[in-house]
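Student: Using the sequences and the accompanying hints, generate a full structural model.
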Amino acid sequence: MTKTILTVDDSRTMRELLRSALVEAGFNILQAEDGVHGLEVLRENALPDVIITDINMPRMNGLEFIEAVRADRGLRAIPIIVLTTESDPAKKDRARNAGATGWIVKPFDPQRLVGAINRVAA
Amino acid sequence: MSALDEIRIVFFQECEEQLQELETGLTAMAGGETDADTVNAVFRAVHSIKGGAGAFALKQLVGFAHVFETTLDEVRQGRLDPGAEVMDVMLRSADVLNDLVAAGRDGGEVEAERTAPLLAELERLAGKGPGGHGGEDEDAEPFSFDDLDFTPVAFDLGDLGDLDGGGDGPKFRVSFRPRPELYAKANEATVLLRELGTLGPVSTTCNADALPLLDALDPEGAYLAWTIEISGEVTEAQIREIFEFAEWDCDLTIEALGLADLSEIAVPDAGADTGISVADLLARIQGELTGAPAAEGPAEPAPAPAAKAEAKPAAEAAEKPAAGGEKKEEAAPVIRVELPRVDKLIDLVGELVTTQAILSQRLEESGAAATGSDLMNSVEELQRLTRDLQDSVMAVRAQPVKSVFQRMPRIVREVASATGKKVGFQTRGENTEVDKTVVERLAEPLTHMIRNAIDHGLESPEKRLAAGKPEEGTVTLSAAHRSGRIVIEIADDGAGINRSKVREIATNKGLIPADAVLTDEETDQLIMLPGFSTATTVSNISGRGVGMDVVKQSIEALGGRLVITSRPGFGSTFTMNLPLTLAVLDGMVVRVEDDTLVVPLASIVVTFRPQPEDLQMIGAGQAVKVRGSTLPLIDVGLKLGYRDAPADPLTGVAILVEGDNNRRVALLVDDIRGQRQVVIKSLEKNYRPVPGIAAATISGEGRVALIIDVDAMMSDQSFDQFILGNEPIAAE
Chain A
78 MTKTILTVDD SRTMRELLRS ALVEAGFNIL QAEDGVHGLE VLRENALPDV IITDINMPRM
138 NGLEFIEAVR ADRGLRAIPI IVLTTESDPA KKDRARNAGA TGWIVKPFDP QRLVGAINRV
198 AA
Chain B
8 MSALDEIRIV FFQECEEQLQ ELETGLTAMA GGETDADTVN AVFRAVHSIK GGAGAFALKQ
68 LVGFAHVFET TLDEVRQGRL DPGAEVMDVM LRSADVLNDL VAAGRDGGEV EAERTAPLLA
128 ELERLAGKGP GGHGGEDEDA EPFSFDDLDF TPVAFDLGDL GDLDGGGDGP KFRVSFRPRP
188 ELYAKANEAT VLLRELGTLG PVSTTCNADA LPLLDALDPE GAYLAWTIEI SGEVTEAQIR
248 EIFEFAEWDC DLTIEALGLA DLSEIAVPDA GADTGISVAD LLARIQGELT GAPAAEGPAE
308 PAPAPAAKAE AKPAAEAAEK PAAGGEKKEE AAPVIRVELP RVDKLIDLVG ELVTTQAILS
368 QRLEESGAAA TGSDLMNSVE ELQRLTRDLQ DSVMAVRAQP VKSVFQRMPR IVREVASATG
428 KKVGFQTRGE NTEVDKTVVE RLAEPLTHMI RNAIDHGLES PEKRLAAGKP EEGTVTLSAA
488 HRSGRIVIEI ADDGAGINRS KVREIATNKG LIPADAVLTD EETDQLIMLP GFSTATTVSN
548 ISGRGVGMDV VKQSIEALGG RLVITSRPGF GSTFTMNLPL TLAVLDGMVV RVEDDTLVVP
608 LASIVVTFRP QPEDLQMIGA GQAVKVRGST LPLIDVGLKL GYRDAPADPL TGVAILVEGD
668 NNRRVALLVD DIRGQRQVVI KSLEKNYRPV PGIAAATISG EGRVALIIDV DAMMSDQSFD
728 QFILGNEPIA AE
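Going down the list, the protein sequences come from chains A and B.
Residue numbers for the first sequence follow my numbering, so the first one is 78 and each next one is one higher.
Residue numbers for the second sequence follow my numbering, so the first one is 8 and each next one is one higher.
Keep in mind that the hints were calculated from the coordinates and are not lab data.
Among these hints, one or two may not hold up.
Claimed, not checked - 25 Å max Cα-Cα, derived PhoX-like pairs, lysine-lysine: (1) B:Lys66 <-> A:Lys168; (2) B:Lys632 <-> A:Lys169; (3) B:Lys632 <-> B:Lys646.
Tutor: What follows is the structure, given as structure tokens:
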């Protein structure tokens with residue numbers, strides 16, 4: 078069955094890059110512009126198999142978004158891959174503590190991203 | 008265009024937006040607004056640019072943005088105080104970032120002399136020595152869609168039971184014991200095992216020793232461990248990659264199996280290990296946990312009656328997402344529309360306006376509709392609606408001048424630092440809207456005039472102090488709507504134009520006769536003459552090969568006018584008066600012979616019937632006295648070749664028009680038909696350029712009517728004879 082990925086990123090460029098790479102790899106795509114929008118999309122659509130989220134976003138950042146997903150019984154089992162330019166180990170730990178499943182540093186290699194999705198998607 | 012090329016365009020569009028955000032935010036911070044929202048927005052702007060740039064392998068941009076961002080992060084974390092010195096570095100860094108984006112877009116590079124000093128300053132501010140940072144994690148891999156010949160391989164849990172040893176015997180033994188945190192982060196042991204299976208033949212044994220009795224079982228606990236032996240072409244790095252996300256939350260050892268061991272371990276020996284097979288284990292769990300779907304594995308425990316599950320009230324889980332539930336507020340919803348679609352619409356509305364005008368005129372001529380009749384009222388209603396529709400469509404193309412105003416602070420900073428002058432820069436009315444094309448074409452003339460204002464207008468700090476002025480000069484850029492046009496002013500509080508020097512230069516360069524009598528206003532306008540430059544040595548700031556004459560031309564090309572006013576000792580003001588749109592024009596419809604022509608209303612000062620006593624000949628040309636000045640009277644019909652001999656001025660109507668530099672002439676036409684808004688049709692685009700004609704439109708009769716180029720009408724007049732003659736033109 079085709080897997081659905083929700084991408085949460087405030088950068089149009091990044092959303093387009095992700096869409097292009099993921100559609101190419103045969104995934105369905107849902108898109109959101111920040112954490113608040115991401116939660117709206119999760120409420121209004123069939124649940125995605127994996128969420129890919131940025132950290133630095135307006136309104137609700139990636140950490141708050143991950144915490145919100147993990148605190149929701151209906152959503153908590155969805156794997157979340159953090160996609161960010163930050164490679165600072167301390168920040169990585171903060172994302173892990175918030176409940177991130179995985180971590181990929183931008184710029185992402187599409188193949189690695191797809192590999193990562195397959196490693197977390199049931 | 009490839010998908011990546013299209014995304015590249017999106018990226019650079021987004022960069023423009025982010026750079027504006029950055030400029031706005033940094034300016035606010037420099038003005039003392041250092042709240043978290045502002046600082047975060049600034050940080051995010053740089054961060055987004057860096058993120059996108061990485062995907063396009065713009066290494067220089069990524070490297071600079073990274074260092075910039077690191078320093079901004081220090082401010083964000085409250086470890087670096089955004090004082091004047093820090094903000095100065097930030098603002099200059101934003102300028103370089105601008106250049107780097109432009110270089111990235113146009114395929115160039117920015118010289119290291121420009122980036123290196125700022126990088127050093129940024130690193131110093133961030134508390135790191137030069138070279139101590141940057142680039143360590145920037146293995147910016149070029150993003151390529153060619154790499155993406157990848158098909159996800161579908162696996163199911165059934166594969167896990169396949170204990171086929173393969174041809175080569177096991178190469179690695181992986182011991183994997185997940186901790187509960189692994190499941191809490193939605194990692195799945197079963198998925199990881201499945202992925203291991205994609206690397207080569209695996210032999211998996213599960214260790215269930217830690218599995219407690221059912222009543223002691225925590226549904227969120229982690230009790231199982233696995234030992235996996237992998238054969239085939241596989242490297243340790245590949246295995247590590249699979250456990251990349253899980254490593255922190257599990258005990259993992261990866262053992263390379265020596266060749267000597269291979270034959271011995273080729274067949275897994277269940278007896279030698281305390282482990283049991285996955286199939287056995289599944290059967291066992293299924294047997295014990297009645298009703299629990301064993302196939303789901305430990306990550307998704309069945310809703311067992313365990314205390315811990317109930318300890319978390321549902322309300323708590325529901326609370327957090329609700330906090331993020333507010334609708335997007337702030338700005339009105341926006342859609343992105345391609346410009347050609349808008350222009351098509353404007354074009355159609357233009358046709359509609361023309362058709363409506365023709366309809367009105369035909370009705371009037373036919374006498375079918377008397378004034379005040381129902382039919383005429385309907386026609387008037389249609390006319391009003393059409394005009395409203397046109398205004399609304401025009402408004403779609405309108406944009407605030409903000410986007411171009413925001414580029415100016417950096418020009419000010421650059422010129423201030425190059426000249427050693429202190430400059431305070433203010434903008435007003437930046438939300439004033441004008442046609443998109445006008446906004447875009449304003450950047451260059453504004454840049455040049457602001458450079459001029461600082462370089463030539465403002466005095467050095469010493470001179471200012473000596474003149475009893477504050478050390479810091481002020482340059483103000485403002486925009487406002489005035490009678491259907493936009494007026495943009497650049498004012499400085501410098502020394503004003505040195506008129507005797509301007510006059511001297513103009514005389515020396517042969518631009519005016521030595522004995523020319525000029526008012527102060529006329530003298531000021533001289534600096535816009537081609538070939539004029541007040542700087543005795545051309546400075547590297549203003550003197551970029553562009554004079555004020557070029558600035559004036561670019562304003563005129565937009566249908567605008569540029570006027571300079573100056574008060575010695577108090578400063579100068581450059582005033583641009585521009586149309587709000589390039590698509591319609593308010594015109595005076597006139598008749599010449601049997602043709603209809605249009606004179607732009609903005610150029611018209613007054614219309615009058617010439618009287619015999621006001622007429623005189625100056626040289627070979629006719630002149631007329633109006634409002635105390637004697638001006639050339641130009642017969643439009645003769646000038647444009649409608650007739651061979653000049654018409655009798657007493658039978659026609661004269662229109663006093665004002666062109667560049669406040670130059671005035673009177674245009675003689677046969678008759679005036681009235682005022683009307685006309686839709687501009689480009690002659691260049693639809694036909695070819697015609698001297699003396701600015702553009703065309705469709706008249707109420709449905710015929711092409713030409714729009715007169717007022718400045719071209721004056722162009723053949725000899726400059727010294729009329730403008731600098733013995734009868735100075737009185738300023739209105």
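Student: Confirm or reject each hint.
Tutor: Results for each hint:
A C-alpha spacing of about 23 Å is found between B:Lys66 and A:Lys168, which places the hinted pair at or below 25 Å, so the restraint holds. At roughly 82 Å between alpha-carbon atoms, B:Lys632 and A:Lys169 are farther apart than 25 Å, so this suggested pair is violated. For the hint linking B:Lys632 to B:Lys646, the alpha-carbon distance of about 20 Å falls within 25 Å, and the restraint holds.
Checked against the numbered hints given earlier, the structure breaks only hint 2 and satisfies all the rest.
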